[in-house]
Structure formats: C-alpha cells, structure tokens
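Chains as they are written, first to last, in this note's numbering: chain A, 1 to 564; chain B, 1 to 372.
Among the clues, some could well be false.
[As the list claims (entries may be wrong)] Within a straight-line C-alpha distance of at most 25 Å, the following computed DSS-like cross-link-like pairs (lysine-lysine) qualify:
| no. | chain 1 | residue 1 | chain 2 | residue 2 |
| --- | --- | --- | --- | --- |
| 1 | B | K303 | A | K525 |
| 2 | B | K336 | B | K255 |
| 3 | A | K31 | A | K53 |
| 4 | A | K61 | B | K255 |
| 5 | A | K491 | B | K307 |
| 6 | A | K31 | A | K200 |
| 7 | B | K255 | A | K525 |
| 8 | B | K340 | A | K491 |
| 9 | A | K57 | B | K336 |
Just so you know, the hints here were simulated from the structure itself, not pulled from any lab data.
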Amino acid sequence: MSRRFFAISILFAPVLAFGQGRGLDPADTLKPLSDQWTSYSGDLTGKRFSHLKLIDKDTVKNLSLQWVSTNITTGCGPAGTPPPSEAGGGGRNGRGGGGGAPAPIVVGGFGTGEANNCGTARLGGGILFVDGTIYASSPDNVWAIDARDGTVLWHYYWKTRGGTSLQTRGLGMWKDKVYFELHDDWVVCLNAKNGAEVWKKEISSFDAQYFSSNAPMVLGNHVIVGTGNDMDAPGYIKSFDPETGELQWTFYTVPMNPGDPGVDTWASLDAARHGGGMTWIPGSYDPETKLYIFGTGNPTPAYTTGRGEGDNLYTGALIAVNVDTGKMAWYFQTAPHDTHDWDSTETPIFADMPFNGRMRKLVMTATRNGYFFVLDRVTGEHLVTSKIGMVNNWASGLDAKGQPKRNPHKDATIPGSLVNSDVTNYPPPTFSPDTGLFYVHEQNSLRISYLMDPDPRGSMGLGGTGGGANLSWGTSIVAVDYKTGKIVWRKEINGGSSGLLSTAGGLLFLSDGPNVEAWDAVTGKGLWYSQIGGLSSPPETFMLDGKQHLLATGAGALYMFVLN
Amino acid sequence: MTQRVQPRIYRFIFLASVLGTSAALAQQFPDGPGKDTTMRLCAGCHNADIVFQHRQGRDEWNAEIQKMIAAGAQGTPAQFNEVLTYLAGNFAPEAPAGGGRGRRGGAAAGGGRAAGGRRGGFTQFTRPLASQDVLARGQGLYETNCASCHAPDMRGSEKGTRLLRSLTSLNDQHGELIGKAVAEHNPKIVLNQPDTVAVAEYIHSILATTGGQGSPPGRNPAGVKLEILVGDAKAGERYFDKACARCHSAVGDLKGFASKYPDPRALQNAWVGGAAAGNPFGGGRGGGGGGNPVTVTMADGSKLEGKLVRRDDFLVILTLADGTRRSIARHDGVPKVEVKDPNEAHKKMVLELDDPENKNLHDVTAYLATLK
Numbered sequence: 001m002s003r004r005f006f007a008i009s010i011l012f013a014p015v016l017a018f019g020q021g022r023g024l025d026p027a028d029t030l031k032p033l034s035d036q037w038t039s040y041s042g043d044l045t046g047k048r049f050s051h052l053k054l055i056d057k058d059t060v061k062n063l064s065l066q067w068v069s070t071n072i073t074t075g076c077g078p079a080g081t082p083p084p085s086e087a088g089g090g091g092r093n094g095r096g097g098g099g100g101a102p103a104p105i106v107v108g109g110f111g112t113g114e115a116n117n118c119g120t121a122r123l124g125g126g127i128l129f130v131d132g133t134i135y136a137s138s139p140d141n142v143w144a145i146d147a148r149d150g151t152v153l154w155h156y157y158w159k160t161r162g163g164t165s166l167q168t169r170g171l172g173m174w175k176d177k178v179y180f181e182l183h184d185d186w187v188v189c190l191n192a193k194n195g196a197e198v199w200k201k202e203i204s205s206f207d208a209q210y211f212s213s214n215a216p217m218v219l220g221n222h223v224i225v226g227t228g229n230d231m232d233a234p235g236y237i238k239s240f241d242p243e244t245g246e247l248q249w250t251f252y253t254v255p256m257n258p259g260d261p262g263v264d265t266w267a268s269l270d271a272a273r274h275g276g277g278m279t280w281i282p283g284s285y286d287p288e289t290k291l292y293i294f295g296t297g298n299p300t301p302a303y304t305t306g307r308g309e310g311d312n313l314y315t316g317a318l319i320a321v322n323v324d325t326g327k328m329a330w331y332f333q334t335a336p337h338d339t340h341d342w343d344s345t346e347t348p349i350f351a352d353m354p355f356n357g358r359m360r361k362l363v364m365t366a367t368r369n370g371y372f373f374v375l376d377r378v379t380g381e382h383l384v385t386s387k388i389g390m391v392n393n394w395a396s397g398l399d400a401k402g403q404p405k406r407n408p409h410k411d412a413t414i415p416g417s418l419v420n421s422d423v424t425n426y427p428p429p430t431f432s433p434d435t436g437l438f439y440v441h442e443q444n445s446l447r448i449s450y451l452m453d454p455d456p457r458g459s460m461g462l463g464g465t466g467g468g469a470n471l472s473w474g475t476s477i478v479a480v481d482y483k484t485g486k487i488v489w490r491k492e493i494n495g496g497s498s499g500l501l502s503t504a505g506g507l508l509f510l511s512d513g514p515n516v517e518a519w520d521a522v523t524g525k526g527l528w529y530s531q532i533g534g535l536s537s538p539p540e541t542f543m544l545d546g547k548q549h550l551l552a553t554g555a556g557a558l559y560m561f562v563l564n
Numbered sequence: 001m002t003q004r005v006q007p008r009i010y011r012f013i014f015l016a017s018v019l020g021t022s023a024a025l026a027q028q029f030p031d032g033p034g035k036d037t038t039m040r041l042c043a044g045c046h047n048a049d050i051v052f053q054h055r056q057g058r059d060e061w062n063a064e065i066q067k068m069i070a071a072g073a074q075g076t077p078a079q080f081n082e083v084l085t086y087l088a089g090n091f092a093p094e095a096p097a098g099g100g101r102g103r104r105g106g107a108a109a110g111g112g113r114a115a116g117g118r119r120g121g122f123t124q125f126t127r128p129l130a131s132q133d134v135l136a137r138g139q140g141l142y143e144t145n146c147a148s149c150h151a152p153d154m155r156g157s158e159k160g161t162r163l164l165r166s167l168t169s170l171n172d173q174h175g176e177l178i179g180k181a182v183a184e185h186n187p188k189i190v191l192n193q194p195d196t197v198a199v200a201e202y203i204h205s206i207l208a209t210t211g212g213q214g215s216p217p218g219r220n221p222a223g224v225k226l227e228i229l230v231g232d233a234k235a236g237e238r239y240f241d242k243a244c245a246r247c248h249s250a251v252g253d254l255k256g257f258a259s260k261y262p263d264p265r266a267l268q269n270a271w272v273g274g275a276a277a278g279n280p281f282g283g284g285r286g287g288g289g290g291g292n293p294v295t296v297t298m299a300d301g302s303k304l305e306g307k308l309v310r311r312d313d314f315l316v317i318l319t320l321a322d323g324t325r326r327s328i329a330r331h332d333g334v335p336k337v338e339v340k341d342p343n344e345a346h347k348k349m350v351l352e353l354d355d356p357e358n359k360n361l362h363d364v365t366a367y368l369a370t371l372k
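Work out the full structure: start from the sequences and follow the hints.
Next up, the structure:
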C-alpha cells in the first residue's frame with residue numbers, strides 16, 4: 001500500500017468510536033515514554049523515565065490535585081454487584097466522578113463469584129493512559145476510567161476459581177484491545193470501548209496450582225504472557241496473536257526434554273521439569289534486535305536440597321528471547337543455584353549510554369539478592385556487577401562471569417544462619433539518562449534462617465524453612481552510577497517502596513510513608529509532597545489537554561494531579 | 001516465588017476506614033482475640049487466601065511477621081504480638097498427613113464440603129473428598145502397589161517420582177490421568193478400574209494436606225533432631241566477654257536467660273533479635289523508624305525531645321514526654337532531626353559478630369543456653 005493511498009484511507013475510514021479516544025496505535029508503544037502510558041513500564045525500555053518536563057524542579061511546587069476517585073471496589077458474587085451492605089458510601093465504581101448512571105459490569109470467568117475477594121480494589125501494576133482514558137486493574141477486575149474526571153466508563157469482572165491471588169502487574173494494550181491476566185490462569189482480550197471479551201486463552205493449569213498475575217506485553221505482533229507457581233512446576237512465557245489469540249510459541253525457562261541445554265545443571269530431568277523459574281514480572285523489549293529480556297524466578301524447591309549442585313538453568317537469570325521465533329539468544333544468571341528465594345524477576349532497564357568510551361546498548365537490573373548488573377543487551381556480555389544493601393552477606397564474592405557466588409553456610413541451616421533478607425523486590429526501579437543514575441529501593445535487614453525440613457529428598461515449593469529474629473536498618477532509596485555500580489547517594493524512606501518514576505524535568509517521584517513525593521533526581525532532596533495515604537503502585541505521568549499530569553494510586557483510589 | 005511481600009503499609013487509620021466497610025473480608029476470618037488488629041495491619045495488602053494457605057506454628061508465623069516488618073509493615077511491637085497470637089492460635093498446623101484423615105472428618109461433617117474447607121483455594125483444597133471407604137481402600141492399594149517406589153509420604157525415592165508435585169496427580173480429576181499412568185506403568189501394575197480410582201482419590205486426599213506455597217505435608221518427615229546447640233559454649237563465653245559484657249552480664253540482666261527461653265531456637269532468636277521478645281537485649285525498629293527517641297533542633301537552636309512518629313523532608317512529627325503531639329514543617333533540613341535507634345549498639349554488635357560460617361552466632365547461643 002502506497003503512503004498516499006494509506007493517508008486517504010485513513011481520511012475516509014469510518015470514525016471508530018471508543019469509550020473515548022481512538023485506541024492505541026501500535027507504533028506508539030515503541031516511542032520513548034512521554035505523552036501516553038502504553039504498557040507496564042510506560043514504554044518498552046523499562047526505564048520509567050518520562051521525557052516530559054513541564055513539571056520540573058521549579059514548577060513541581062505548583063502541582064495540584066485535579067480529581068480523586070475513591071471507593072473503587074471489586075466485583076462481588078455471581079453478577080458482580082456487591083451485596084447492599086457493601087455498597088454503602090460511594091457506590092461500586094468510585095466516587096468523585098462526573099456522575100451519571102453506574103458503569104456497566106461485564107462478567108466473565110468460570111467461577112461462581114464466591115471465591116472473589118469483594119471490597120477495596122487493589123489497584124496496581126501498569127495502569128495505562130491512552131488517548132484520554134485510564135485502564136486500571138485489580139486482581140480479577142479491569143476498569144476504564146475517564147482521565148478528565150475519574151468516572152468509570154466500564155468495569156470488567158472475572159469470577160475466579162480461586163487460588164493464589166496476589167497483586168496484579170496490570171494491563172497491556174494494542175489498537176482497540178486491552179489484555180489482562182487472571183489469577184486462575186487465563187489471559188483475556190477485552191474491547192477497549194466497552195470491556196466486552198474479544199477472546200480468552202488458558203495460560204497454565206489451575207489444577208497444577210499456577211497463578212497468573214503478570215502484565216501482558218504487546219511486542220509487535222505478539223502478546224507475551226507469564227505465569228507463577230509455588231508447587232514445583234516449570235516456568236514459561238507464551239506468545240499469542242493479539243488479534244485472534246492464537247498461540248504462537250511457548251518458551252520454557254527450565255529444561256523440559258532429554259538433551260535440552262542446561263539439563264546437566266540439575267539433579268535429573270525430573271528435577272529440572274519441577275524446577276520453577278517463574279515469569280511474573282514483565283521484561284523489556286528492543287525492537288531493533290527483537291529481543292524480549294526478562295528475569296526468571298527462583299528454582300524449586302526454593303530453599304532445600306533436591307536440585308543437585310549445579311546452576312539450575314535458567315532460573316534466577318536474565319533471558320533474552322527473540323519474539324518472532326520464541327528462541328533464546330542469550331542468558332545471564334543473576335542468582336546461580338539460588339537457595340534463598342531470590343526470585344530474580346525484577347524488570348530489566350534498557351538504555352543507550354556511553355560505557356568505557358563508546359555508546360553501548362545496555363541492560364541493567366537490580367535483583368532481590370542485592371546485586372546490580374549491567375550487560376550489553378545485544379550479546380549478553382557482562383559489564384558491571386556491584387553490591388547494594390547495607391547488610392548483604394549471603395554471597396562470598398563474584399565468580400569469573402561476574403555472578404555472585406553463594407556461600408552455602410548462609411543457606412537455611414538446622415542451627416540457623418545469620419543472613420540478609422530480600423534487598424529489593426518487584427516495586428520497579430527507574431533510570432534517568434540525564435543523571436546517569438539507576439534508582440532502586442533497598443531493604444536492609446538481617447534474620448536467622450533455619451532449615452526445618454531436613455529430608456534428604458528436599459522439601460517442595462517455598463517450604464522447609466523458618467525464620468527468626470529480625471534486625472532492620474530501614475528501607476532506603478539508592479541512586480547507583482550505572483558505569484561503576486557504586487551508590488552515589490542513599491536516603492531512608494518511611495515504610496516500603498511502591499516503585500519509582502524519573503523525568504526529564506529532573507525529578508524522581510516515589511512514595512514515602514503516606515506521601516507521594518517529588519525529589520531532586522540529582523541530590524535526592526525533597527521538593528514536593530502530597531499526603532494521600534500511601535501508594536499501591538508506582539506513580540505515572542502523561543499529557544492530557546496540553547498539561548502534564550501525575551497519577552498516584554492508593555487502596556481503591558486514584559489521585560490525579562496536574563500542573564496548571 | 002514470593003510475591004507476598006507487599007511493602008508500603010503505612011496507613012493505619014486509612015485502612016481502618018477501608019476495612020470498616022470490608023465486612024466480607026473480615027467474615028472470612030474466625031473471631032478471636034487479635035482479629036481486629038490483624039485485619040488492620042495485614043488486610044490492606046493481603047487477602048484471606050494467603051492466610052488460609054499458611055497453616056504453621058508460632059515460630060513460623062513469627063518469622064512471617066518479622067519478614068513483613070522488614071518489608072515495611074508498620075505497627076507497634078504490642079500490635080504485632082496481637083497479630084502473632086491471633087494467627088498462631090487460629091492458623092496452627094493441622095493434623096499431620098497420615099492419610100488425609102485429618103481432613104476427612106471435616107469433609108463428612110460439612111456434608112460434602114471442600115477438602116480443606118478453604119474457600120477459594122486451589123482445586124486440591126476445595127475439591128470434595130471421596131468417601132471414607134474409598135479412601136481407606138485407596139490407601140491400602142497405594143501402600144501395596146506404589147509406596148515402595150513413590151514412598152509412603154509420596155515424596156518419592158530414587159526409584160519413583162514425587163507424586164505430591166506430579167502434574168499427573170495435580171491435573172487428574174477422578175482417576176482418568178492417574179489411571180492412564182497406571183496402565184502405562186513400568187514396572188507393570190495391575191489394578192482394576194475402581195481400584196485405580198480409589199488410589200487416585202487417596203492421592204488427592206493427601207494433596208489436600210499440602211501447606212501454603214507448595215510446602216509438603218509434614219514438617220520433618222525424616223525425623224532428624226533439629227539441633228540448634230552446635231556451637232562451642234566455651235568459645236561463646238570468650239566471645240561474650242569480649243563483645244557483649246560491656247552491656248550485659250551472665251549474673252545480672254542475663255541471669256536465668258536459658259530458663260526463660262528453654263527452647264534453644266527461641267533463645268537464639270531472642271538474643272539476636274532483641275526487643276521483639278521483650279528480653280534484656282533491648283530493641284526498637286531500625287533506622288529512622290517510628291517510636292525511636294528523637295531530638296529536633298529548631299532554627300533558633302532550641303531543642304525538642306520525644307518519640308518519633310514520622311519524619312520526611314517536609315514534616316517531623318513527634319510525641320513529647322507529656323504525651324503532646326507536635327508536628328513541625330521542615331525546609332532545607334531545618335529543623336534538624338536526629339533519631340536515636342535504641343538497638344543501634346546491639347545491631348552493630350550483631351554485624352561484627354557475623355562471620356561466613358555463623359560460628360560466633362552458634363558459639364554465643366551455646367554459651368547463653370548454659371545460663372539457666
């Protein structure tokens with residue numbers, strides 16, 4: 001099709017009416033983060049660095065609350081409507097909106113509604129902002145919300161069969177379609193205009209105790225989904241056709257067949273096939289190399305013997321998979337033979353930056369075991385490893401590949417070992433190309449880890465250990481120099497992190513106790529705050545009607561700030 | 001994989017108001033002392049199912065709570081003790097596996113209720129169990145035909161895989177997959193159709209007794225003594241004299257310490273952890289945690305002393321000795337806020353004591369266990 005013809009056909013195409021807006025042009029997902037928020041991390045680089053700079057160090061003090069939508073509650077029971085006692089207050093679908101009739105509920109799922117958790121929405125993960133509409137989710141629920149006044153436009157409710165129901169990582173989008181994973185192991189494609197189901201596909205076996213909470217990632221002509229399991233099952237990602245839902249490929253994170261690469265790093269093929277390596281946090285994507293790079297979770301059994309003495313490939317690793325073929329290009333283990341549930345699934349960050357005198361296509365990650373890594377994202381070549389965490393003592397150093405070497409004495413032992421707890425976790429970090437700093441939250445604590453199940457056959461899942469004592473040095477935000485891995489500054493926050501956002505306005509947005517705050521990205525100095533009661537997901541920013549907005553999320557609530 | 005650490009829990013009052021309307025969630029929990037506090041501190045981030053899937057002892061619940069505190073959960077030690085009492089009292093381990101009988105009674109009493117009675121759990125916990133007759137028959141057949149390789153507890157052996165995590169067992173509904181596996185089994189097993197179903201139902205009854213996050217039935221099936229006191233008490237005494245005796249004394253504050261903590265694991269947790277167990281090692285939350293003593297130096301040099309409620313770059317909030325609450329705006333680091341961590345010296349000592357083989361930890365524990 002010639003360009004001219006294309007232009008004309010657009011001109012005369014019937015105007016598609018959406019809830020509002022025209023949906024998402026797939027080309028927009030490849031743009032650096034600015035006007036819209038089109039995927040889990042805003043754009044596909046995982047940086048959470050917005051190029052918007054209307055809100056900057058000088059103007060941030062003028063940021064003001066435009067609207068609040070509170071009391072967003074999840075669907076209940078067979079029809080999705082809450083019992084009368086639950087509906088008191090602002091009603092089901094948020095208060096503070098522009099009024100009008102309650103939003104329609106679209107009901108899906110294979111449960112009866114009895115297993116759903118009724119009540120305050122646990123809004124979290126990637127909340128999308130596309131063309132004037134916010135798409136937000138809580139486990140088993142999706143809402144489309146008018147970004148100008150917080151009114152719910154439609155509500156999709158999935159009657160779950162139950163299982164493990166933790167937070168969701170959110171939504172994916174392509175054209176006029178929204179994608180969402182259900183904890184009882186389906187991925188559903190919804191019409192962005194009205195929430196109606198377009199297609200749905202089973203991701204994994206509910207009977208085998210999988211639970212699926214990842215945010216679907218739409219990469220070119222692929223919807224990539226991941227899953228979770230604590231019952232010694234294999235991890236994988238799957239790719240579906242965004243239009244039809246047809247399965248394109250499945251990539252297992254552990255060896256599944258005799259002779260598969262990595263099988264010799266396990267006690268047996270059976271051990272490998274029960275080896276975990278779950279995929280519950282989105283990765284990042286490079287359209288030039290077609291590589292989707294993501295982190296894999298812990299091996300299982302997580303803490304005990306039963307997997308042999310090898311590295312347990314490809315658990316606890318960064319993996320680069322070509323999205324057109326579903327084949328692995330390279331891997332790098334951030335936690336070889338993990339014995340601490342280090343679960344290295346944290347979103348990697350891509351940046352094109354100078355390194356040792358030349359521009360490199362980098363991938364960076366800070367993993368739960370308290371190490372920061374920089375690699376070449378085309379080849380997987382290792383460039384930097386550094387340690388974060390004030391009391392990080394589980395490893396005895398680095399090996400020749402730049403991977404941390406586990407100290408077996410710090411595994412869970414019968415008499416107890418004194419060892420650090422998780423140094424960071426799923427709340428996402430951010431990288432600012434302007435400051436060259438990688439910002440991540442750092443949890444600092446020591447505990448005693450006991451082996452409670454000494455069965456020589458090993459335990460299962462996350463079983464077999466117990467903890468005792470706990471000494472905390474608090475939680476901080478650290479700013480890490482990507483070239484050296486050294487911590488440039490560390491600043492303690494109240495409570496935990498809900499994830500970070502940096503901007504070309506020189507700001508770092510974050511949660512600090514009950515506040516959403518803006519810090520100077522260079523120095524960490526606090527410049528602005530609003531005490532909205534704590535965030536449940538990372539702050540996001542985008543443009544609406546020529547103004548830069550900031551979206552913060554609390555329990556069942558959205559807070560929209562604007563710079564007027 | 002652990003997603004359960006849900007940080008940024010910092011909104012008691014806010015949560016209380018949310019939970020005030022969330023009666024449905026509260027109804028899923030048994031009533032008892034500490035329920036309200038548990039709802040308030042935990043339910044903002046956690047659903048009922050995560051609790052229902054954890055049935056464990058007091059130590060394990062305590063460890064879980066400590067992990068949450070490390071991840072940012074906020075509350076006073078007294079409140080966390082209430083939570084511990086509630087969880088340990090209402091979500092203790094169930095009867096040991098031994099054939100799923102612990103659950104069967106409940107199933108019968110519930111008139112065909114789900115196996116574990118856990119609403120909304122995975123299939124193995126909610127599926128109806130077969131009748132007692134079928135399960136008893138299935139158990140006998142399992143022990144005769146399967147247990148020699150797959151082990152009586154189904155954890156498997158060198159000769160047979162672990163049925164507890166087998167996708168065949170988990171995905172099987174009523175014997176169709178297990179029946180297929182039996183038919184194709186090598187070495188050959190001869191079982192008729194009803195017997196195969198009985199074995200399958202028995203396997204499901206055992207799967208129903210697995211714990212949260214994939215932990216198998218039975219804490220310590222190997223029966224190994226979990227010996228905590230492996231250290232050298234003499235070396236521990238020398239270390240104590242060098243590092244601890246500045247603040248502590250075997251004949252003073254630690255007199256009878258081992259009698260107070262007759263369980264060696266509890267003793268070790270107490271002396272390392274400090275305040276949580278209310279022992280002489282003091283405590284308090286780390287860093288700038290609320291509740292710690294604070295000194296606020298105003299621009300004019302005057303000082304306020306009290307207990308910290310919260311501080312950030314914009315506000316410092318403290319409670320003065322007379323109980324008065326003071327909130328003061330901050331700008332460019334003024335007023336200056338100095339938080340003293342009462343546990344600081346102890347934490348420093350623990351860091352110094354830490355060695356790559358946990359030797360000092362075990363030696364000091366062995367020594368303190370002699371202070372009866």
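Hint by hint, here is what the structure shows:
{"no.": "1", "hint": "B:K303 <-> A:K525", "in the structure": "holds, 24 Å"}
{"no.": "2", "hint": "B:K336 <-> B:K255", "in the structure": "violated, 41 Å"}
{"no.": "3", "hint": "A:K31 <-> A:K53", "in the structure": "holds, 16 Å"}
{"no.": "4", "hint": "A:K61 <-> B:K255", "in the structure": "violated, 58 Å"}
{"no.": "5", "hint": "A:K491 <-> B:K307", "in the structure": "holds, 21 Å"}
{"no.": "6", "hint": "A:K31 <-> A:K200", "in the structure": "violated, 28 Å"}
{"no.": "7", "hint": "B:K255 <-> A:K525", "in the structure": "violated, 48 Å"}
{"no.": "8", "hint": "B:K340 <-> A:K491", "in the structure": "holds, 16 Å"}
{"no.": "9", "hint": "A:K57 <-> B:K336", "in the structure": "holds, 23 Å"}
In this structure, the hints that do not hold are numbers 2, 4, 6 and 7, in rising order.
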